[in-house]
Structure formats: structure tokens, C-alpha cells
Amino acid sequence: MKSGRFLSIIYSLLALTLQAQDVAGTERLADTFMRRGQYETAFKYYQRAFFFASKDKAPELYGKMGESSLMAGKYDFARQYFHKAQQIEQNDSLRAEWFLKKITAVVLQKRFKLALLEMLNYRGPLLPHQRVYAEYLKGLSYFGMEKFDLAHRHFEAALPPGDTLARQRLDRLFRRKNLMRPNPATAKWMSMFVPGAGQIYAGDWKNGLNSFFLNGLLAYLILRDAYTYSFWDSFAGIFPWLQRYYTGGYQRAEKIAKQRRKEKRARVFRRTYDLIFSSSANTQTE
Amino acid sequence: MKIRWIRRFVWLVLLAGVGATAQEKPAADSLSPTKDSLVSKPVKENLFDAAHSRRFADYLFRTGQYDYATEEYQRVAFLQPADAYPRIQIVKAQEGKKDYYRALGYFEMFFPHFDTLQVPYQKEAVKLYVLNGEYATARKRLWASRLDTVRKHTLDLGITLLEKKWKDGLEQYRRRENILRDPVFHQFGLVAQRRLEHRNKSPLLAAGLSAVVPGLGKVYTKDYGDAFMSFLFVGLNAWQAWRGFRKQGVRSVHGWIFAGFGVSFYLGNVWGSAKAAKRYNRKLDKAATDEVRAVFEYNL
Amino acid sequence: MTFLLSVMLWAQEVDSSGPPAYIRMTQDVMDAPVHRHDWSGPLRHARNEAVFVFGLMYWVYKNFISSQDIDSCVFTPSCSTYMILAIQKHGVFIGFLEGMDRLTRCSPFANGHYPINPQARKYEDPVD
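Chains G, Z and X are the protein sequences, given in the same order. Counting with this note's numbering, you get residues 1 to 286 for the letters of the first sequence. Counting with this note's numbering, you get residues 1 to 300 for the letters of the second sequence. Counting with this note's numbering, you get residues 1 to 128 for the letters of the third sequence.
Among these hints, one or two may not hold up.
Here's a subset of chain Z near chain G, in silico, CB distances under 10 Å, partners left out [what the hints assert, rightly or not]:
{"id": "1", "residue": "D49"}
{"id": "2", "residue": "R55"}
{"id": "3", "residue": "E171"}
{"id": "4", "residue": "Q172"}
So the derived label-pair ranges between C-beta atoms look like this [to be verified]:
{"id": "5", "chain 1": "G", "residue 1": "Y122", "chain 2": "Z", "residue 2": "L190", "range": "58 to 64 Å"}
{"id": "6", "chain 1": "G", "residue 1": "A72", "chain 2": "Z", "residue 2": "A51", "range": "25 to 31 Å"}
{"id": "7", "chain 1": "G", "residue 1": "Q90", "chain 2": "Z", "residue 2": "A294", "range": "48 to 54 Å"}
{"id": "8", "chain 1": "X", "residue 1": "S40", "chain 2": "G", "residue 2": "A58", "range": "51 to 57 Å"}
{"id": "9", "chain 1": "Z", "residue 1": "I257", "chain 2": "G", "residue 2": "Q243", "range": "18 to 24 Å"}
{"id": "10", "chain 1": "G", "residue 1": "R131", "chain 2": "X", "residue 2": "D38", "range": "45 to 51 Å"}
{"id": "11", "chain 1": "X", "residue 1": "A120", "chain 2": "G", "residue 2": "R224", "range": "36 to 42 Å"}
{"id": "12", "chain 1": "X", "residue 1": "R44", "chain 2": "G", "residue 2": "D31", "range": "46 to 52 Å"}
{"id": "13", "chain 1": "G", "residue 1": "D31", "chain 2": "Z", "residue 2": "L300", "range": "22 to 28 Å"}
{"id": "14", "chain 1": "X", "residue 1": "R24", "chain 2": "G", "residue 2": "A185", "range": "34 to 40 Å"}
{"id": "15", "chain 1": "Z", "residue 1": "L190", "chain 2": "G", "residue 2": "M145", "range": "38 to 44 Å"}
{"id": "16", "chain 1": "X", "residue 1": "A120", "chain 2": "G", "residue 2": "W205", "range": "26 to 32 Å"}
{"id": "17", "chain 1": "G", "residue 1": "E40", "chain 2": "X", "residue 2": "R24", "range": "18 to 24 Å"}
Treat the hints as calculated values from the structure; they're not laboratory data. Note that the coordinates shown come from a computational prediction; the quantities given were computed from them, not determined experimentally. Note that beta-carbon positions come from the ideal geometry of N, C-alpha and C, so glycine has one too.
Please construct the entire structure, taking both the sequences and the accompanying hints into account.
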């Protein structure tokens, strides 16, 4: 790995002295870095090319700067660069491309409402593979907003038209059991009646038993103190602690159930992604 | 996996090939304009020369991309070793990142001879020493520099205040109060005056007060809420311990537990009162030094 | 030469198969990673037996008691972590006193006396 990096540095220096003299050369060099996964460096060279390039190169270079920032994880920059590229691009299909990449950046920031708003307002023409990706993005945004019926519908539209098997699989993935369980409210109420029950319902045995025994111990101490000293002694000394851990118990049960449900939904989403992008008709998305 | 091995093979072949071609290259007669030389040496503008790099570096600096700007200025500095501009810009880029330690390192590397520097550069050096907390060196350099005397007295006063010598600072200010017309000098004087209006709290006195009545030391350091809480904690625990001992004598588990907590809170509060006094003093110091430091950081 | 160079660069490139990289990035948007805390640090790095005992108490407290509690401490780091850090730094006795003092300061009255840590949404009060 280390020698690979060393060699890549040597060759990038070589490339620097030999080809990257003018704008086109700099851009080519940046493309190379991009293909090699060195996104920060690529961004730097795109920026350089952009700074010296003529106006007509601007949309392409904005787009490429957007791509390199997107891959480097700087989604806010990516969104702004793609937006600029989209605004000044003349070619229809390229404009759609920049638009979809911009939405990708927005979605990666988890701003699903904004993504959806932009998607629903977009009026440009889309190529077939772009339409597939657009449907996928709409589905993804609805999924993030927890509107699963609409998400289901859009994911279905992204599947290849004749593929009934994939459709059946999608239907199975989007059953209530996979998306709505465990229910946080149920977990909370269960823990209110029996401390720890909600956690166990959500599948967390460790915390469930922990909560049950802790609350049990405190209740026992209260009774014992009330018997040996007085009711008021135990009420002042130990009851606040019981109240704390009882409240904490049902609050945690709700949290745990929410987390489990989120994990389940993430699994559903990953399977959906596989369905859409591994099916043969959709692999040529670019 | 397979494609990786193919690539490694290609690598080997290519490296061997490059080595071979490098050796058998004949001495080129540059006078005969062959077709080859025309193709391989087209007239292109070079984006990596000094002028282009400098323009681009300035752009990066303006847009706050200090790391990239540093790289570009380094290229310019390499291409134009006689020019001081790219080097001072490298220092300023570090300052833009608020990395004063590295800025000083670069400065000392690029400009080792302080006496021969121009005045703005000398001022920059003093600023960097101050921001790095090297006050003695800063003062030495300040008086060795060619800054005007008014400025020298002002900055010297600032350094005294940053060293937290408030009384010395005020004295220094009083001596030249009516002579110097520098507004910053008067600002520093006001800082010293304002700091000395508040008296320091004694940690020892605070601890002693808390030892007599739990929480009283924190009243002295003006942490009234904390004072109330410590009094409550110590009082409640002591009361519970007393109840336990009264009912069951020294065999009372209840009593011993609460007595333990009570004593712990009591001792913790004595220690904490001394700490609160120290924190009170530190807060006053920080408010004053922050104002002085801001002048060195942004207004020099 | 340019040809040679381009072939060499090809030999360095990343494999790419399936949908383009920016699409592949979207598949983990919904992921919900859990932060698993490990409270055994003070236990493993104890200087002496007394610190070890406190480290053990801290480990038990964090795992079985604090994990069931409501989120009530107003500071970051929390009072228990503060105490164990102070014990590690200043020794058992002074560290314990610092921790007890911190417990009395951990109240709504802390409002306005400490800087706020925006990530944790708590008052910042590190060990010093």
C-alpha cells in the first residue's frame, strides 16, 4: 500500500512535468487523480483549471469540481457547484445530469424534504437511465421522510418494466413488519408497567434485565427502609432514586426501540438499492 | 484480484522499458527541426509558472483555502527565490488558519536575520512571538526593531499586560499617559485600570470560610447557587446520618452511609471553594488578556 | 512517452464496476450507527491499586447504573467521568474531592457560569 502511494506520487510528479501545462492538461491530470480516488487533489487541480479556463469551460469544470467534492464528502460544496453547473449548462441531458448529482448531494446531507421539493419542481427532459435514477431518488427522499407507501411506489417505478420477480421481492421488503416494528410507543408503555419489558420487546435483553433488577432492588430497599425506619425516611432517602431509574428505564426503552426500527429500515433500504441497481436493465446508468 | 496482477506485470514491463529508453537516448541535435520536435514542443501557456501560480495562490488565499494557498506560494517561492512576497504570504496563510506556532516556524526559517528586515516584517515577527506566548523574546525583538517609539511603548505595555503584571502595566501607563497620543496605548491603560478595580479572591480564605460553614466560601466567590447546593448536600446528609445513629446507634448502616457522603461533600466543598476563588481570578485575568490579545491578533 | 505514461497511470487506477460511485454512495444514507462506549479505559490504565478500585467502580456504574438513568448531568464530561479523570490526574484523594465538588456544582445554578459545548448541548467543565 505504502509503495503504491510512493509510486503514485512519483508518477504524479512525472505527469506534472510532462503534460499538465495548460488548462486541458491540468484538467486531464485532475481526471486521473479522480479515477485513482484522490478526490481532494483532484479538486485542487480542477479548481486551478477553472481559474485559468475560458468561460465556455465553466459548466463542465463546475460539475467536475462538484463531483470531486461530492466524493470527498464535502456535500455542501458539491451541491453549490452542481447548482452552478446546472444553471449555466446549455446541453439538456448534461443539465439533467448535474441536477441529479446535486440532488444526490442534498440526499447525502439527509435533507430529504429539500431534495423532494427540488425533484418535484424540475421540469427538464430526462433520458431513460436518468429517469430511473430520478425515481430512485424520489423514493429515497420519501423513505427518509418515513412516507413508505410513496417510497414504495417510486422504487417500483425505478425497477425495470418487465421484472415481476423484483417487484414481488420489493413488495415483501415493504411489509409493515419490516418497517414499523418494534414500535417505540409500545416499548415505552410496556416498560411503564414492567420495568425492562419494553427493552426486551425491542430485542435488548441486557438492558431489559438490567433495568428490571435495578428497579427491583430499589423497590426492595424502599420497603425494607420503610419497615426498619419509617415511611418518610425511605420516601426521602431512596424514592427519588427509584423515580429516576424508572423514568430512565421507559425513556431508554423508547430510544432503543427507535434505534432498532431505524436499523431494520436501513436494511430494507439497502436491499431495495440492490434490487434496483443489480438488475441487469439498470446497470448502464451512465 | 486478477486485474491487479495484470497491472503489476504491466508495471514491471514499463519500468524496465523506461530504464532502457533512458539509457539509449542519443544526444539530440537541436538545430535540425524535425517533425518530432515540432510535435513534442508545442507552444502552450504554462499554468505552473511563477506568474500563473502567484495569481492562483492569491485567489486561494482570498477565498480562505489556506492549505492550498500555502502549497502554491511554496511553488512561487521556489521559482522566485529573490522575492519575499510568497514567503510572507505563506506565514500569513498559517495565521489565517490561526496556527501561530507554525507561522512562527515558517517566519524564523524564511527570515533569519531580524535586523535587516523591513519594518512591517519586524512588526509581524513581534506579533508572532507574542501570540506564541514568548514574551521575553518579543520584548527583545520589539526594542531592537525600527518601529517608531510610540508604537514600541504601546506594544511593550501590551506585553506587560499579557504577562498579567497589572500593577506594572498601570505604572507604565501613568508614566507616559500625557505624552503619548496612541489610542491603543490608552485602551491598554484602561484594561489595566479595569482589571485592578476588581480585587483578587484569596483561595485560602475561601477554603477557611467553607470549613466553618459549608458553602460560605462560595458565597465569598459570588457562586451563590453552588453555595446553596453545598449547604443543602452537607446538611441533608448530616441530618440523615444523625437520624440513623439516633435510632440504631453506631451499628446503623444507614447512618454510616450518609455520614460518609456528608463528610465527602464537606471536604469536597472546602477544596472546591479554594478552586472557585482561583477560577474567579482566572476569569478576570482572561477577560483582560483577551482584549489585549485581540489587538495583537487583528489590529496590528 | 505520453502513451507510456497513460498506460502506467491506467495501471494505478481504482477498479470500477456496477453503478457509478456517486450512486453507490447513496446506499448507506439510511444507516443508523450505534455508538458503543467502552468504559474500561481507567480500569486498564490504572497506576495503582486504589485507582484500579475506582476504575472498577466507574466501570460498574457506567455499565449497569448510569446506562439506566435519565440524562440529568448538566456538564460535559459527566460527573462520573470527571471524577475518574481527576483521580487519574491528581491521585485518589484530591481527585475524589474534586469529584465531590463537581457533584455539588452539577445543578441548574450552573447556568451562565460555564461555556456551552454545542455538540453535547451541555456546559463545558473539563478537569484542570
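Right, here's what the structure says about each hint:
no.	hint	verdict
1	D49	holds (9 Å)
2	R55	holds (8 Å)
3	E171	violated (53 Å)
4	Q172	violated (49 Å)
5	G:Y122 / Z:L190: 58 to 64 Å	holds (60 Å)
6	G:A72 / Z:A51: 25 to 31 Å	holds (29 Å)
7	G:Q90 / Z:A294: 48 to 54 Å	holds (50 Å)
8	X:S40 / G:A58: 51 to 57 Å	holds (56 Å)
9	Z:I257 / G:Q243: 18 to 24 Å	holds (20 Å)
10	G:R131 / X:D38: 45 to 51 Å	holds (48 Å)
11	X:A120 / G:R224: 36 to 42 Å	holds (38 Å)
12	X:R44 / G:D31: 46 to 52 Å	holds (49 Å)
13	G:D31 / Z:L300: 22 to 28 Å	violated (44 Å)
14	X:R24 / G:A185: 34 to 40 Å	holds (36 Å)
15	Z:L190 / G:M145: 38 to 44 Å	violated (56 Å)
16	X:A120 / G:W205: 26 to 32 Å	holds (29 Å)
17	G:E40 / X:R24: 18 to 24 Å	holds (19 Å)
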